[in-house]
Amino acid sequence: MLTEYTRTAIALHWIIAALILAALPLGLIMTGLPLSPQKLKFYAWHKWLGVTVFVLAVVRLLWRVRHPPPPLPASVPAWQRSAASVLHACLYVLMLAIPLAGWLMSSAKGFQTVYLGILPIPDLIAKDEALGKTLATVHAWLAYALIALLMVHVAAALKHHFIDRDDVLRRMLPRLPPPKETT
Amino acid sequence: MKHLALLLSAALLLAGPALAVQFDRILPAQSALSFVSKQMGVPVEGQFRRFTAQIAFDPARPDTGRAALEVELASFDMGSREVYEEVIGRNWFDVRQHPTARFVATGLKHLGGERYEVRGQLTLKGRTREVVAPFSYRQQGRHAVLEGAFPLRRLDYGIGTGPWGDTSIVADEVLVRFRFVAAEAAAAAGGPAPGTRPPGKP
Chain F
420 MLTEYTRTAI
430 ALHWIIAALI
440 LAALPLGLIM
450 TGLPLSPQKL
460 KFYAWHKWLG
470 VTVFVLAVVR
480 LLWRVRHPPP
490 PLPASVPAWQ
500 RSAASVLHAC
510 LYVLMLAIPL
520 AGWLMSSAKG
530 FQTVYLGILP
540 IPDLIAKDEA
550 LGKTLATVHA
560 WLAYALIALL
570 MVHVAAALKH
580 HFIDRDDVLR
590 RMLPRLPPPK
600 ETT
Chain E
4 MKHLALLLSA
14 ALLLAGPALA
24 VQFDRILPAQ
34 SALSFVSKQM
44 GVPVEGQFRR
54 FTAQIAFDPA
64 RPDTGRAALE
74 VELASFDMGS
84 REVYEEVIGR
94 NWFDVRQHPT
104 ARFVATGLKH
114 LGGERYEVRG
124 QLTLKGRTRE
134 VVAPFSYRQQ
144 GRHAVLEGAF
154 PLRRLDYGIG
164 TGPWGDTSIV
174 ADEVLVRFRF
184 VAAEAAAAAG
194 GPAPGTRPPG
204 KP
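Protein sequence lines, in the order shown, are assigned to chains F and E.
Quick note: the first sequence uses the working numbering, first residue 420, plus one each step.
Quick note: the second sequence uses the working numbering, first residue 4, plus one each step.
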């Protein structure tokens with residue numbers, strides 16, 4: 420069993436984190452904007468971020484199968500272990516489900532998703548106004564759920580670091596070269 | 004020479020009424036005028052719900068064809084109220100100043116098979132440019148289906164100015180698509196020779 424995260428796992432974690440932290444506020448802001456070139460740009464970026472998160476989440480899951488994460492420290496109580504694995508499973512589900520709902524919603528509203536403005540992603544469903552509205556609601560509520568779960572995730576990581584003083588947060592941080600010994 | 008012409012018209016008549024058919028009425032309910040605009044690389048389709056067209060098209064004699072199209076720009080529909088409010092406004096169609104777009108054909112020719120080409124003057128928002136549109140002609144019962152498309156550059160007509168002039172957001176090129184279903188002129192089938200007009204019509 421591995422005792423630490425692989426560099427790939429750490430990189431994927433933080434890249435996806437950054438993309439999600441860009442996509443969420445974009446999504447929250449863009450819908451309220453008046454129609455403008457800026458709004459169209461934000462929508463496009465938001466979709467590109469979503470597609471990237473989806474692809475990277477798939478890569479991450481595949482990587483995880485071959486490189487299971489290191490176990491939690493023995494000091495962590497059983498209920499927290501269960502809570503952590505449920506939370507992580509939910510985060511993975513949302514990383515896949517939110518972009519999926521967004522893509523389907525986009526198709527239903529009659530806007531194809533074209534990744535980076537270059538790569539058209541086929542429409543799985545045809546234009547359907549009512550379905551588009553439903554999917555928009557689903558997409559939004561899944562995103563609110565993600566925001567809530569991310570807050571729990573961050574709070575738990577900080578608690579491990581500052582209160583439990585274990586290495587749960589540190590082992591996911593990018594590995595820096597060890598400080599030079601000063602003798 | 005005269006004999007040759009007679010022979011030819013006799014041959015045309017003998018070839019059956021299909022060659023003598025002239026289509027002169029657009030059936031609006033079956034016709035469509037749409038366009039595709041690219042926003043950040045995403046093709047987005049819209050339509051014009053109201054337009055009127057006068058045509059005279061004889062597939063055997065395309066050079067005698069005439070076409071004039073008038074489009075009510077306020078009948079624009081992209082499936083979004085917000086887009087509609089923006090697009091009828093000054094930066095785009097400015098429908099208050101320029102309620103209609105007009106196309107008048109200046110030439111029609113046969114390209115071969117069912118392919119034809121129409122050339123004409125398109126006036127949009129007070130600016131006139133020449134456009135060339137290939138189209139196909141297919142006969143469906145007593146109707147002609149004329150289907151084609153042509154690209155235009157929206158900025159040539161001052162459409163989408165101000166902040167919308169940035170073509171990296173909304174592409175300059177817009178593909179206009181048309182599908183006109185035209186009915187046969189009442190007196191043409193089996194009637195007068197091609198090109199002649201039924202009496203009593205202007």
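Do not rely on the hints blindly, as some may be mistaken.
Per the computed footprint, the stretches of chain E lying under chain F, defined by three or more beta-carbons under 8 Å from a beta-carbon of chain F, are [claimed, not checked]:
1. 73 to 86
2. 166 to 175
Now the stretches of chain F that chain E is said to cover, found in silico as 3 or more residues with beta-carbon under 8 Å [to be verified]:
3. 429 to 441
4. 530 to 536
These are computed hints drawn from the structure, not numbers from a lab.
Source: prediction; values computed, not measured.
Using N, Cα and C, we set each Cβ at its ideal position, and we do this for glycine too.
Against the structure, the hints:
no. : hint       : in the structure
1   : 73 to 86   : holds (count 3)
2   : 166 to 175 : holds (count 5)
3   : 429 to 441 : violated (count 0)
4   : 530 to 536 : holds (count 6)
This entry does not satisfy hint 3, going by the numbered hints stated previously; all others are met.
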